[in-house]
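Those protein sequences? They're chains A and B, same order as listed.
Numbers given in the numbering used here equal positions in the first sequence, counted from 1, plus 29.
Numbers given in the numbering used here equal positions in the second sequence, counted from 1, plus 29.
In short, the hints are calculated from the structure, not lab data.
There's no promise every hint is true.
For identical chains, the list gives no copy identity; a pair is met inside one copy or between any two copies.
Unchecked claim - In silico lysine to aspartate or glutamate, DMTMM-like type, Cα no more than 20 Å apart, as pairs:
#	residue 1	residue 2
1	Lys254	Asp146
2	Lys254	Glu144
3	Lys240	Asp133
4	Lys240	Glu218
5	Lys240	Asp83
6	Lys240	Asp215
7	Lys240	Glu258
8	Lys240	Glu256
2 protein chains.
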Amino acid sequence: MNPSSQSAAALARVRVVLVHTTHPGNIGAAARAMWTMGLRQLVLVMPERFPHADATALATGAAEVLANARIATTLRDALAGCALAVGLSARARAFAGRVLPIRDAAEEVIGSAAEGDVALVFGTEMSGLSNAELAQCGIVATIPANPEYPSLNLAAAVQVAAYEVRIAAGAHRVWAAPRFRPATHDETEALYAHASRTLTALRFLNPAQPKRLLPRLRRLFGRAKLEREEVNILRGILARVDQFVDRDTER
Amino acid sequence: MNPSSQSAAALARVRVVLVHTTHPGNIGAAARAMWTMGLRQLVLVMPERFPHADATALATGAAEVLANARIATTLRDALAGCALAVGLSARARAFAGRVLPIRDAAEEVIGSAAEGDVALVFGTEMSGLSNAELAQCGIVATIPANPEYPSLNLAAAVQVAAYEVRIAAGAHRVWAAPRFRPATHDETEALYAHASRTLTALRFLNPAQPKRLLPRLRRLFGRAKLEREEVNILRGILARVDQFVDRDTER
Numbered sequence: 030m031n032p033s034s035q036s037a038a039a040l041a042r043v044r045v046v047l048v049h050t051t052h053p054g055n056i057g058a059a060a061r062a063m064w065t066m067g068l069r070q071l072v073l074v075m076p077e078r079f080p081h082a083d084a085t086a087l088a089t090g091a092a093e094v095l096a097n098a099r100i101a102t103t104l105r106d107a108l109a110g111c112a113l114a115v116g117l118s119a120r121a122r123a124f125a126g127r128v129l130p131i132r133d134a135a136e137e138v139i140g141s142a143a144e145g146d147v148a149l150v151f152g153t154e155m156s157g158l159s160n161a162e163l164a165q166c167g168i169v170a171t172i173p174a175n176p177e178y179p180s181l182n183l184a185a186a187v188q189v190a191a192y193e194v195r196i197a198a199g200a201h202r203v204w205a206a207p208r209f210r211p212a213t214h215d216e217t218e219a220l221y222a223h224a225s226r227t228l229t230a231l232r233f234l235n236p237a238q239p240k241r242l243l244p245r246l247r248r249l250f251g252r253a254k255l256e257r258e259e260v261n262i263l264r265g266i267l268a269r270v271d272q273f274v275d276r277d278t279e280r
Numbered sequence: 030m031n032p033s034s035q036s037a038a039a040l041a042r043v044r045v046v047l048v049h050t051t052h053p054g055n056i057g058a059a060a061r062a063m064w065t066m067g068l069r070q071l072v073l074v075m076p077e078r079f080p081h082a083d084a085t086a087l088a089t090g091a092a093e094v095l096a097n098a099r100i101a102t103t104l105r106d107a108l109a110g111c112a113l114a115v116g117l118s119a120r121a122r123a124f125a126g127r128v129l130p131i132r133d134a135a136e137e138v139i140g141s142a143a144e145g146d147v148a149l150v151f152g153t154e155m156s157g158l159s160n161a162e163l164a165q166c167g168i169v170a171t172i173p174a175n176p177e178y179p180s181l182n183l184a185a186a187v188q189v190a191a192y193e194v195r196i197a198a199g200a201h202r203v204w205a206a207p208r209f210r211p212a213t214h215d216e217t218e219a220l221y222a223h224a225s226r227t228l229t230a231l232r233f234l235n236p237a238q239p240k241r242l243l244p245r246l247r248r249l250f251g252r253a254k255l256e257r258e259e260v261n262i263l264r265g266i267l268a269r270v271d272q273f274v275d276r277d278t279e280r
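So that you can see chain A by itself, here it is in the shape it has in the complex:
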């Protein structure tokens, strides 16, 4: 592949995920913003109104992006198969994993696009992503903004993020093969689900009062950027613990 078709291939693996979008016009404007930067995979998690004439009107030349948009019922479903999910947030959060400015996050996006699909996740217009939604993202990206008024319009935020991803794709024309194979989003999510079950069985985690345990573990392992083999080792340890817990329960 020549450099520009490599860039285009990387950009084609970037999904834009819009969660609970209120105004259909913003969906159309986001589709247009994506396509001006060469992104075409749009996933809508429970949009309030879609399809809608306002979305079509504001998409203008990006009608195809809109026509091919996928509707998902949960964020988990929207992120299925992704190597990396990057959540956009303007607000400061207590437990948010790695937090990067969008320019640095865009480098990670293009790096991970060598492994598979990568998601850029945007929350609802009024309040952004919830903490539970952000917890499903390996990286939180912020767009530097005026602290007096950091509230970018949704499509404007998509435009800036897509722009940075496009620039990063141009700068990364040769992808270095990673020495180890990174775990996919699905693999790490399955690890967290397994850990949650095992910790509950150990009575170390009380699902009724989970406190900050799982977010802390997500933050730790998110920072480490788990490899597939590491996920397998950790799940092997959990499975071994499960056997002891099961024997204890059977007694």
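Go by the hints and put chain B onto chain A.
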């Protein structure tokens, strides 16, 4: 002045000039885009309809930018007193001056803001700036875009340009994840020793044939740069597992 007030002073000298804008909603959305990046000087050259309810609605929290917008009858008038004018254009032109990507143009904007006001000039929605209008600009800036569909919405182009100018001004104020206390060498070594005992008791690790298990775990947690509280959480989990293993052994 401290660095951030210097940035704010430079951004305050950047004018956004919109020439012959057709849709008042775009004026409002542009005002919002500007103010999210700390720009507040808006100049409108012969807008088709202004003031207008659509402009007000889309400006949301940037009402003040809109209220202070200056109306000019000619581009020349709008640019009066500027040290530099940068015209945005997606299309290639037979242009005698300097053509730069917006990232490089933003550096020039901030450099010139030390001498006086600087203008970012945007043309009409359908056709952009005319050649005669571009001729009044010292630099033409382009936003890298999908060659198949380079047509950014006007306010989206303002958002990207204002974002690049803000970054160039050094106003990189993003919120950081809270800082935690890193674990000491002794604390992480004690964790590895504990893990080694527990994994041996689980018969997951055979000390006679340890293979690569412990080095792999060291590599993973070393990459994550453990915090003290994380070491405590992990040792808490190990201690809980130890209780189950002990009960199993006592049987």
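Evaluation of the provided hints:
1. Lys254 with Asp146: within (16 Å within a copy, 27 Å between copies)
2. Lys254 with Glu144: For Lys254 and Glu144, the Cα distance is within 20 Å only inside one copy (13 Å; across copies 25 Å).
3. Lys240 with Asp133: neither (31 Å within a copy, 37 Å between copies)
4. Lys240 with Glu218: For Lys240 and Glu218, only the intra-copy Cα distance (19 Å) is at most 20 Å; the inter-copy one is 27 Å.
5. Lys240 with Asp83: Result: close neither inside a copy nor across copies, 42 Å intra and 46 Å inter.
6. Lys240 with Asp215: neither (24 Å within a copy, 28 Å between copies)
7. Lys240 with Glu258: between (29 Å within a copy, 14 Å between copies)
8. Lys240 with Glu256: Result: close only across copies, 18 Å inter versus 27 Å intra.
Against the hints set out earlier in the document, violations occur for numbers 3, 5, 6.
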